[in-house]
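Could you put the whole structure together from the sequences, leaning on the hints where they help?
The residues making up each chain are set out below.
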Amino acid sequence: MLNFLKTNCAAMAFAALSATSALAQATPATYPAGYADLVAAAKKEGKVVVYSPTDSEQANALINAFQKKYPGVAVDYNDLSNTAIYNRVVSEFAARQVGGDVVWSVGLDLQVRLVEDGMAERYASPEASNLPGFAKYKDSAYLTSIEPGVILYNKRLVPAALVPKNLADLTRLLKEHKDVFQGKVASWDPEKSGQGYVAMQDDMRHNPGFWPLMAAFGEAGGKIYSNSGQMREKVVSGEEVIAFYVNGAYAAGWAKANPTLGIVYSDDRTSAVSRAALITKNAPHPNAAKLLIDFMLSQEGQKAMGGAGLPSVRSDVEGVPNFKSLNELANGKLQPIALDATLLDNLDKTKRADFFSRWKQAMRR
Amino acid sequence: MRAVGDALIFRRTTIGLLGLLVLSPVGLIIYQSFLDGPFFFPTAGFSLSAFAYVFSDPDFYRALWTTLVFAIGLVAIAVPLGAALAFLLTRTDIKGRAWIEPVVLVPMFLSALVLGFGYTVSVGPSGFVSLAVQDVIGFVPWNIYGLPSLIVIGGLSHVPYVYLYVSSGMRNLPADLEEAARTMGAGLPRIAMEVTLPLVLPALVYSAALNFLLAFESFGLPLVLADPSGVLVLTTYLYKLTTLLGVPSYHLMAAVAVLLLIITLPLVAIQRRLLDRSRRYATVGGKGGRPTRVKLGTAGQIAALSLIGLWLLVSVILPISGIAVRAFVDSWGQGVDLLEHLTLANFQQLFKISSLSRGLVNTALIAVFGGAIAVTVYLVVALAGHRNTSLAAVALDYMVLLPRALPGLVIGLAFFWLFLFVPFLSPLRATLVSLLIAYVVVGLSYGLRLIQSTLLQVSPELEEAARTSGASVRRTWTEIVIPIVRPGLFGAWAMIMIIFLREYATGVYLMTSGTEVIGSLIVSLLASGDLATIAALSLISVAFTALGLAVAFRFGAYAK
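Protein chains in written order, with the numbering used here: chain A, 2 to 366; chain B, -5 to 554.
Think of the hints as simulated: they come from the structure by calculation, not from any bench.
Output of the computed footprint for chain A on chain B, the stretches with three or more beta carbons under 8 angstroms from beta carbons of chain A:
hint: 1; region: 29 to 37
hint: 2; region: 220 to 231
hint: 3; region: 236 to 243
hint: 4; region: 317 to 327
hint: 5; region: 342 to 350
hint: 6; region: 412 to 422
hint: 7; region: 522 to 530
Derived BS3-like pairs (lysine-lysine); straight-line CA-CA distance at most 27 angstroms:
hint: 8; chain 1: A; residue 1: LYS166; chain 2: A; residue 2: LYS325
hint: 9; chain 1: A; residue 1: LYS304; chain 2: B; residue 2: LYS346
hint: 10; chain 1: A; residue 1: LYS361; chain 2: B; residue 2: LYS234
hint: 11; chain 1: A; residue 1: LYS139; chain 2: A; residue 2: LYS352
hint: 12; chain 1: A; residue 1: LYS352; chain 2: B; residue 2: LYS234
hint: 13; chain 1: A; residue 1: LYS69; chain 2: B; residue 2: LYS346
hint: 14; chain 1: A; residue 1: LYS44; chain 2: B; residue 2: LYS346
hint: 15; chain 1: A; residue 1: LYS48; chain 2: B; residue 2: LYS346
hint: 16; chain 1: B; residue 1: LYS346; chain 2: A; residue 2: LYS70
hint: 17; chain 1: B; residue 1: LYS234; chain 2: A; residue 2: LYS350
Computed list of chain A residues with no C-beta within reach of chain B, every gap over 12 angstroms:
hint: 18; residue: ASP38
hint: 19; residue: GLU122
hint: 20; residue: ALA129
hint: 21; residue: SER130
hint: 22; residue: ASN131
hint: 23; residue: PHE135
hint: 24; residue: ALA161
hint: 25; residue: ASN167
hint: 26; residue: LYS176
hint: 27; residue: PRO209
hint: 28; residue: PHE211
Beta carbons: idealized from backbone N, C-alpha and C, even for Gly.
In structure tokens:
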């Protein structure tokens, strides 16, 4: 076993060595003059360790593009769930054995919490000026994507006339067409899913129709899941016919690949989640981490992720879904969740307890 | 009349080391349950707030009650069926034994998570079997979501655990007792009930108690089959607590884990008392005797084979066909022609993504070599407690079941912390060694009990004879005991391999880039909902296990 590990490591080292001979890269003019030093320092570090719940398919697109640009810096990618990531970061910090360099997670509230608790390194990325204001927090955390909440439905089982145009419409349909929807509606389980909780909190704050929707959902015998993928599976099979607050970044790809699935961008307000990247305090490879963050936010990195299904948070990235094109799809009413201290409310024990008890009542659980 | 040179030093060192291995994670969890925050936060202080929270939460009582009902139902289904299966396969001349024997273990191959997922694809509301039935009779006569189906599926899928323990006991029984009963005119059911089963009572009691514990620890099935409709058991309740407060609430998790311990410890005590009388059942005497098998007759053959066939259909064919179908299609359900959606893309994905292909290799390494190391460790521990009635042996019995009484997720988390915060352990954290150690502890109760009950089958007179002739304890063990139980050891290796292959919860916190294992990868894929890849991984893991088992059976047969 140990031998196997050794061979593995040796192979990785060899790959890194042989890669350094590849050519130097051009850096954009907006980057500071000393940027070449950062690149050199990153190469000396040789790798960057990433903790993220992002699906491998999307993550791989980013990793491959990054490695093409900076062949000397290997990406050690750890696919972990939101809460496992937070657990690992705070434990490693406490044990003074920080292993992760970049934390890239959909748990936006936990990311802000890490910044507030001093477990994130300050880094003013030269790319920050290209990001919209809601996408950066205290020169430490940056949003990398825009993932709008959509309605996902089964085209075979929901007649065209009964496809809702927005959430208020869905509320009405759930009440009026029990024959189609009763026991066959799905959404997030906010007690289990951090992402779902963030999305629901945002809608609750901005959408007066939120509680009526929850009441109709509960009355329709709605079922709850802890991720978009499970909702997709249920809607594809027809076990559920419709799901709402589904992550639109993934759903767009699913609908393209599978003719059974249809998606609706609300013609009212569309909220969007995202994933935030930050550098850990005391990161073992700080320069490589900075290089990766800059790359993630750059035209090139955004394009690579956009091509694999994570729409760009910027508006100037051509050829892939971006903030501007999604906003058009959402009828100009796309309102991304801002990366700011409001998110910390999500972690307030009393507020959570109040929300859950009201939600359970609405859901009749 | 304990003789001098009873290997006391060996026994005490072994039990002491094991104690360290088992008690440090358990102790950490108990300590954590009495704090009001993560133990590594300087602000955390002693407090009973975690218990206060849990005891004031109506969900806790609901989950506790559901778990009890589930556990009792599961044991009531699994134990009689498992015992009947063991009797038919080891004591009678049932046809097709050669292929039935490995197949009955299949439900154990799969992590419960995968099993449940397989059922939703085949007999779920939109499953292909359900839809076919609906076409014929107009409606689907079952609902796989909810407590009743959880009990039935849980019970059926735990039959192999009973079978393994009971059959390994039955296999060594000489046939003369049954033959005597037969000569006196007793029928088959009477022989089974009054002769064979009482002889393997220790194994029956073990398996009943273990299954009860397993039900308490069961996580995957309730998560898939009970959770969407809002039915909670203690483990899914505990899992919910990890995210309920937004920030992982370790003290609450730990408090629930400690309550689980308190519930299950009395069970261990009962088990021990029953075991104390087990010496009465030692049945491999000095004179050997291969079992001759009870004849079933034509009607008996048909009845027995259809019982086994029906059970296999429900607990093996339905879930595995579900997984197999899902692994090869990109769409399924109502109005979908599966043939139009056939694809190999789900498997190609495994080889494109390095963490997944590494996971396959690591899992094979952990199962095969790790399994062998684990069996060695368990044998050493079992010998340390063998024919030993001292206080240390009592401690051993309790210690062994401690980690099993805690959910794998919690044990894994405790080991993650140990490997992080204990200085000399931290270099091991990013290697497979850390996973192996955690796995050895998690598999301890299964493996050790299996080896112990095999050791107990060796009649004391054989060992006493060796000792009287002047052999040391060590020589007695290496030249008498171990050779006799060798088939049992191979069986144990096969079983540990299976356990390690399907283990999923333990690695969730512990695994890191480079040490991925299939089971925990499935959990993290489940978190993102990539069910197509999960199905492909599961199918490969089933294939792995089938291969391992074939090898083990071959070796086992040879060793006999």
